[in-house]
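4 protein chains.
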Amino acid sequence: MNNHLTRERIGFLAKDYSRGFIKFCGLKASVIQKGFFESTVVIGENHRTQDNFIHAGLIATMADHTAGYAAFTTVSENLRILTIEFKINFLKPAYGSALRCRSQVVNRGRQIIVAESEVYDMREKSETLVAKGIITMMAVPAEKIATG
Amino acid sequence: MNNHLTRERIGFLAKDYSRGFIKFCGLKASVIQKGFFESTVVIGENHRTQDNFIHAGLIATMADHTAGYAAFTTVSENLRILTIEFKINFLKPAYGSALRCRSQVVNRGRQIIVAESEVYDMREKSETLVAKGIITMMAVPAEKIATG
Amino acid sequence: MNNHLTRERIGFLAKDYSRGFIKFCGLKASVIQKGFFESTVVIGENHRTQDNFIHAGLIATMADHTAGYAAFTTVSENLRILTIEFKINFLKPAYGSALRCRSQVVNRGRQIIVAESEVYDMREKSETLVAKGIITMMAVPAEKIATG
Amino acid sequence: MNNHLTRERIGFLAKDYSRGFIKFCGLKASVIQKGFFESTVVIGENHRTQDNFIHAGLIATMADHTAGYAAFTTVSENLRILTIEFKINFLKPAYGSALRCRSQVVNRGRQIIVAESEVYDMREKSETLVAKGIITMMAVPAEKIATG
Numbered sequence: 001m002n003n004h005l006t007r008e009r010i011g012f013l014a015k016d017y018s019r020g021f022i023k024f025c026g027l028k029a030s031v032i033q034k035g036f037f038e039s040t041v042v043i044g045e046n047h048r049t050q051d052n053f054i055h056a057g058l059i060a061t062m063a064d065h066t067a068g069y070a071a072f073t074t075v076s077e078n079l080r081i082l083t084i085e086f087k088i089n090f091l092k093p094a095y096g097s098a099l100r101c102r103s104q105v106v107n108r109g110r111q112i113i114v115a116e117s118e119v120y121d122m123r124e125k126s127e128t129l130v131a132k133g134i135i136t137m138m139a140v141p142a143e144k145i146a147t148g
Numbered sequence: 001m002n003n004h005l006t007r008e009r010i011g012f013l014a015k016d017y018s019r020g021f022i023k024f025c026g027l028k029a030s031v032i033q034k035g036f037f038e039s040t041v042v043i044g045e046n047h048r049t050q051d052n053f054i055h056a057g058l059i060a061t062m063a064d065h066t067a068g069y070a071a072f073t074t075v076s077e078n079l080r081i082l083t084i085e086f087k088i089n090f091l092k093p094a095y096g097s098a099l100r101c102r103s104q105v106v107n108r109g110r111q112i113i114v115a116e117s118e119v120y121d122m123r124e125k126s127e128t129l130v131a132k133g134i135i136t137m138m139a140v141p142a143e144k145i146a147t148g
Numbered sequence: 001m002n003n004h005l006t007r008e009r010i011g012f013l014a015k016d017y018s019r020g021f022i023k024f025c026g027l028k029a030s031v032i033q034k035g036f037f038e039s040t041v042v043i044g045e046n047h048r049t050q051d052n053f054i055h056a057g058l059i060a061t062m063a064d065h066t067a068g069y070a071a072f073t074t075v076s077e078n079l080r081i082l083t084i085e086f087k088i089n090f091l092k093p094a095y096g097s098a099l100r101c102r103s104q105v106v107n108r109g110r111q112i113i114v115a116e117s118e119v120y121d122m123r124e125k126s127e128t129l130v131a132k133g134i135i136t137m138m139a140v141p142a143e144k145i146a147t148g
Numbered sequence: 001m002n003n004h005l006t007r008e009r010i011g012f013l014a015k016d017y018s019r020g021f022i023k024f025c026g027l028k029a030s031v032i033q034k035g036f037f038e039s040t041v042v043i044g045e046n047h048r049t050q051d052n053f054i055h056a057g058l059i060a061t062m063a064d065h066t067a068g069y070a071a072f073t074t075v076s077e078n079l080r081i082l083t084i085e086f087k088i089n090f091l092k093p094a095y096g097s098a099l100r101c102r103s104q105v106v107n108r109g110r111q112i113i114v115a116e117s118e119v120y121d122m123r124e125k126s127e128t129l130v131a132k133g134i135i136t137m138m139a140v141p142a143e144k145i146a147t148g
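Residue numbers (my numbering), protein chains in the order written: chain A, 1 to 148; chain B, 1 to 148; chain C, 1 to 148; chain D, 1 to 148.
Worth double-checking, as some hints may not be accurate.
Listed below are the simulated DSS-like cross-link pairs for lysine-lysine, each with C-alpha atoms no more than 30 Å apart in a straight line [as the list claims (entries may be wrong)]:
(1) 144(B) x 125(A)
(2) 144(C) x 92(D)
(3) 28(C) x 23(D)
(4) 144(C) x 15(C)
(5) 92(D) x 144(A)
Since the hints were made in silico from the structure, they are not lab data.
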C-alpha cells in the first residue's frame, strides 16, 4: 500500500470534510495523513449547553466525522465511508475556546474499518483530553450509496 | 415516587430542551412524560452530508440530548444530568424531511441513569427506525457544575 | 422471507449453541425463533466474583453469544456470524440462581445484523433485568472463515 | 498521589485477580502498576468456538476484568470497582495459543474511572492486537456492596 496521499487528494479531502452539517457546525480539517485526520472548531455561543459547556453532541459529531475521514484516507477514491456505530466517553467537561479532534485508524479490514477519536479542549494555557471514542465504519462503493 | 410531572415542570423542560447548540440545530421537545421524552427536528440543507443523507452527528446529538431530558424528568429539580458515555448504531440511512427521537429511561440507579433512544426518519409515507442508542448518564447537584 | 425455522434447523441451532467455551460456561438454548433466541445458565460457584456476584464477563458472554444465534436464525445455512463489536450496560448487580438472556434482531441489513440482548437475573421470587447490550455482527460465507 | 503500589498491595491484587469465574477461565495477572494491569491466559479447548477461534466472550471477560483491576490500582483499599458498561471491538479473529490483555486507566474522575483494554493474540511468531475496548467503572465503598 502506498503510504502517501497525493497533494490533490489532500486538497480534495480538506474541502470535502467541511460540507453540509459539518460546515454549519464550523468544523475544519487541519492535518491529513494516511490513516490519520485532525480537525478543529472555534467555539461560539451556538456550540454550548444551557450550562455553558460545549455540547456533547458537537463533540460526538466531531469524533464521528473526523474518524470517517481518517478512514477515507485509507481507501480508493471510488469508495465511500459509512458509520455503522460509534461509542464515545466524555471524560471531562469541555468549556474552552476551541476543540481539536485527532482520529487514527486502528484496524483496516477488507470492509470494516475501526478508528479511534480523541477530542481535546483548548483552554487558555493547555489542551485537555475531554472525550474518547471508537468508531466502526464500512467502506462501500460510491454507486451503492443513494438516497431514496 | 410521584409519577406525574407538574404542568409547570413540563413547560420548563420543553423550553430548557432547546437552548444553545440544540436550538442552533433546530431540535424541539414534542412529548414529555416521567421517564420518557420525545423530540423532533425538521430537516434542512444544514443537516445533511455531502451525499445528501442526514448527518450521523445530528442523529447522535438528538439521541444524546433527548435521553438527557428523559433522565431529567426523573430527578429532583436541583439536579443536573451529565452524559458519561453513549453508543449509537446507525441501522439505515436517513434522508427524510424530519427526524423524531424517542428516549426512554431503562434504569434509574441512585446516581447512574441509563436510557435508550430510538431515532425515526420521517419519510413521505412512513416512519423508519434509523438509529438506536444506549446513553449512560449521571445525576449531579447543580451547584457542582460550573465551567472553568 | 420464510418466517419459520424447520424443526431440523431448530435442533441444529440448539445443539450448536452449546459448544466450546459456551458449553464450558454452562449456557443452554431455551427458545429459538426466527430473529429471536433465548438462553439460560444455572449459576454455580465458578460463575461468581470475589464478592459473590455473577461475573460481568459471563453476562457479556451470554449477551454476545445469544445475539449471535438470534442473527444466525435469520441467515441461510452456509453463512456464519461474526461479532464486529458489542456494548453492554450493567444495570443492577446479579446474584441469583440462574440467568436468562433474550436476544432480538433489531436490524437485518445485507451484511450487517444488529441485535439487542437483555439479561435477567432469576431470583427467588422474581426475574430482574440486570444487563442490556447492543451487538453488531456480520454474516460471512462459511468458507471464508478459517483459523490460521 | 503516590505513584507506587506497595509490594504487599501488588501481591494482594495479583491473587485477588484470579478468583471465581476468572480462575475458572484461567486468567492470571502478569504486570501490575499504578493505573496499568496486564493479564494472560493460556488457551485450551474450553476457550474456543465451534469454528476453533477463541471465543469473543472470553476476550470480553479479559478486557473487562483486567480494566477493573487497572482501576483498582488507583483507588484506596476500602473501595471496590463496579463496571457500569463496556464496549469492545473485535478487530481480527483470535486463534493463537495464549492471550495477553493490557489495560490502562485513561481517566480517573472522582467516582467514574475509564480504562482501555487491548487484547493481543499470541501466535507462533508474533503478537497481534485482536480486540480493543473502553470500560466505564465506578469506585464504590466496599460496605455498600453486598449481595441480596
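Cross-check of the supplied hints:
1. 144(B) x 125(A): 23 Å, holds
2. 144(C) x 92(D): 13 Å, holds
3. 28(C) x 23(D): With Cα atoms ~22 Å apart, residue 28(C) and residue 23(D) stay inside 30 Å; holds.
4. 144(C) x 15(C): 23 Å, holds
5. 92(D) x 144(A): 26 Å, holds
Hint compliance for this structure: no hint is broken.
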